[in-house]
Amino acid sequence: MSASYNDYNHRIARQLRYLVIALICVLVISTLWGRYPVPSLALPDALWHDPLAQRLIVTLRLPRVLMACLLGMGLAASGSTLQMIFRNPLVEPGFLGVSQGAAFGAACAIMVLGAVPFAVQGLALFFAGLGVVLSYLLARHIRFGGWVLRLVLSGIAISALFASGVGVLKYMADPLTQLPEIVFWMLGGLYATTWSKLLTVLPVAVPSLVVILLMRWRLNLLSMGEQTAFSLGAATTRERAFVLAAAVGATAAVVSVSGVVGWVGLIVPHLARRLAGSDAQRSLPAALLMGGIFALVCDNLARTLLAGEIPLGTLTSLFGAGLFIVLMTTANPWLRGAH
Amino acid sequence: MDAIVLLDHVHFAYRGNAQPVFSDLDLAIPNGAFAAVLGPNGTGKTTLLHLILGYRRPQRGRVQLAGRPQETYTRREMSRLVGLVPQDEAITFEFSVLEYVLLGRAPYVGPLDMPTDRDVQIAVEALETVGVAHLGSRSIMALSGGERQLVLIARALAQQPRILLLDEPTAHLDLSNRNRVLRVLRILNRRGTTIVMTTHDPVAAAAVADFVVLMRDGRAVAAGRPEDVFTAETLSATYGVPVQVLRLDEQLIAYHPLD
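Heads up: the sequence lines are chains A and B, in that order.
Quick note: the first sequence uses numbering that gives the first Met the number 0, first residue 0, plus one each step.
Quick note: the second sequence uses numbering that gives the first Met the number 0, first residue 0, plus one each step.
In case anyone wonders, no lab produced these hints; they're calculated from the structure.
Among the hints, erroneous ones may be present.
Sample of chain A residues facing chain B (criterion: CB under 8 Å; computed from the structure) [claimed, not checked]: (1) Q14; (2) Y17; (3) H140; (4) L213; (5) M214; (6) L220; (7) S222; (8) F229; (9) A234; (10) T236; (11) G276; (12) D278.
Yeah, the Cβ is synthetic: ideal placement off N, Cα and C, and Gly gets one too.
Taking the hints into account, I'd like the entire structure generated from these sequences.
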């Protein structure tokens with residue numbers, strides 16, 4: 000056994016343990032942090048004697064905090080997976096028509112059914128799935144380029160179609176009632192999270208994340224060229240389709256509740272690779288944990304920074320883009336001889 | 000000697016291309032051979048490797064490996080039997096060299112499993128065999144052309160295949176690195192691995208191969224020992240230009256004189 004490989008593995012394992020501890024700390028602090036009765040950290044002693052605070056934490060904060068964690072984990076894991084199977088570090092989870100499809104579904108529900116929470120979530124989920132199916136079908140009919148290029152092109156086309164559909168709906172929407180609702184949904188946020196919403200997301204998001212986690216070493220193989228992955232024994236089309244379905248499932252499920260939350264699925268995989276290396280065996284768990292922490296911190300700021308709610312997607316974009324600039328202009332310290 | 004690779008009346012054309020690459024290809028590569036496949040550009044050398052690998056399937060005829068029809072092997076069995084060293088490989092993510100070589104263990108690791116300590120051990124040994132163990136923690140993106148080629152060979156070695164296919168392994172390499180790669184391949188061959196490499200370099204082929212195949216227009220026009228096959232006549236007919244053959248210090252040298 001190579002000593003340096005062992006040392007490297009031990010270092011990454013230690014970092015992952017720190018990330019687990021950090022996530023647990025952020026989860027606890029997020030649950031206690033809020034604006035009741037004043038913007039501060041609620042003390043456990045006070046909570047014990049205050050029934051209103053207890054109800055507030057159990058019915059409002061806890062589902063939202065868990066949803067934020069799941070949102071971050073889902074988008075980061077999905078982003079990592081898609082970047083690897085499409086061999087493109089600029090791919091983000093919503094690119095196959097998922098985000099714009101969900102936005103179109105939510106806008107339809109707001110226009111037609113009047114922003115009933117379950118209708119918004121249901122239609123968002125349905126159109127997110129439809130976006131992927133249409134992208135896939137269109138990719139099969141494109142007559143040039145490899146499979147990856149065809150999927151990317153068809154994803155761009157289907158996303159644009161849904162985006163124009165959202166544009167038409169926004170044009171037709173009532174500017175006082177429906178339009179703000181659509182715009183706010185598209186800016187992303189977890190302000191309307193409830194236990195029941197969280198429970199509808201879990202049956203899709205959790206199995207998808209489990210599949211991705213179990214297949215994480217295999218993702219390395221699928222990130223190689225077609226010929227290489229084949230020669231190393233991968234059933235490339237079937238395996239890529241399987242992890243793609245898991246990644247899209249996780250994204251569609253969380254996006255149906257949160258709306259469009261950008262940059263998490265793009266930037267967190269980069270941060271994770273910077274911390275744990277490119278091997279998905281270690282970088283994927285790191286992405287999962289960092290995604291949870293990133294989304295929780297952004298959501299905490301979204302709900303407490305100002306008296307009103309700041310759209311979550313605005314904050315994730317702000318911090319995500321900032322981190323992206325830092326990452327792109329600094330070298331990777333972990334690999335010797337890296338450029 | 001038994002043929003470990005047998006192509007029997009193989010017909011293959013790329014989809015949408017009326018002109019077949021192979022219309023009636025017969026080829027038998029002996030078990031344990033160091034085979035070199037030569038021929039002009041576009042004659043189907045890489046396609047031949049893809050057919051042996053199973054990456055492409057012939058429209059007619061059959062491919063037999065180690066005495067069994069290719070289609071009776073599962074994907075996993077095939078990847079344990081045949082390894083491929085591509086000419087070059089676009090790599091998107093910055094794996095370390097050891098992580099990259101460890102991918103050669105994929106045929107032995109289940110889709111939901113992680114490589115074991117034993118797999119890491121085999122990958123490290125593969126790096127040692129090709130003489131680049133010191134590069135293990137280096138980024139795969141930061142290697143020279145020669146190092147990269149040796150790492151690609153190490154990954155195929157970690158795969159522990161009986162048949163190793165190499166697509167022009169010495170193209171783009173300087174003389175020193177070319178010889179380094181050829182020496183490693185000769186060691187592997189002596190350990191029992193059948194080697195099939197395509198090359199444009201008759202001198203390299205004559206130096207290491209004990210079985211050479213000359214291809215032209217989708218056919219194997221000559222196959223056998225280098226000293227029998229590499230004649231001025233056969234090489235001239237294969238490349239369609241006058242080729243002269245010399246022997247210098249037991250080495251065969253073929254060249255096409257400039258006008």
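For the hint on A/H140, just tell me whether its beta-carbon gets within less than 8 Å of chain B.
This hint is violated: A/H140 lies away from chain B, its Cβ roughly 15 Å from the closest one there, beyond 8 Å.
For the restraint on A/G276, tell me whether the closest CB of chain B is nearer than 8 Å.
7 Å, holds
Taking the least C-beta to C-beta distance, is A/Q14 closer than 8 Å to chain B?
Hint on A/Q14: violated, closest Cβ of chain B at ~16 Å, above 8 Å.
Closer than 8 Å between Cβ atoms is the bar; does A/D278 clear it against chain B? Give me holds or violated.
5 Å, holds
Interface hint check: A/L213, Cβ to nearest Cβ on chain B, cutoff 8 Å. Holds or violated?
Given a least distance of 4 Å, the restraint on A/L213 holds.
Do the numbers back the hint for A/F229, that is, is its least Cβ distance to chain B under 8 Å?
The hint holds - A/F229 has a Cβ within 8 Å of chain B, the shortest such distance being about 5 Å.
Interface hint for A/M214, Cβ within 8 Å of any Cβ on chain B
6 Å, holds
Does A/A234 pass the interface hint, meaning its C-beta sits closer than 8 Å to a C-beta of chain B?
At about 6 Å, which falls below the 8 Å cut-off, the nearest Cβ of chain B leaves the hint on A/A234 intact, so it holds.
Given A/T236 was flagged as interface, is its beta-carbon under 8 Å from a beta-carbon of chain B?
11 Å, violated
Return the status of the interface hint for A/Y17: holds when the least beta-carbon distance to chain B is below 8 Å, violated otherwise.
21 Å, violated
With a cut-off of 8 Å on the beta carbons, see whether A/L220 makes it to chain B.
With a closest approach of 5 Å, the A/L220 hint holds.
A/S222 as an interface hint toward chain B, with CB separation required under 8 Å:
A/S222 check passes; min Cβ-Cβ to chain B is 6 Å, inside 8 Å.
Checked against the numbered hints above, the structure breaks hints 1, 2, 3 and 10 and satisfies the rest.
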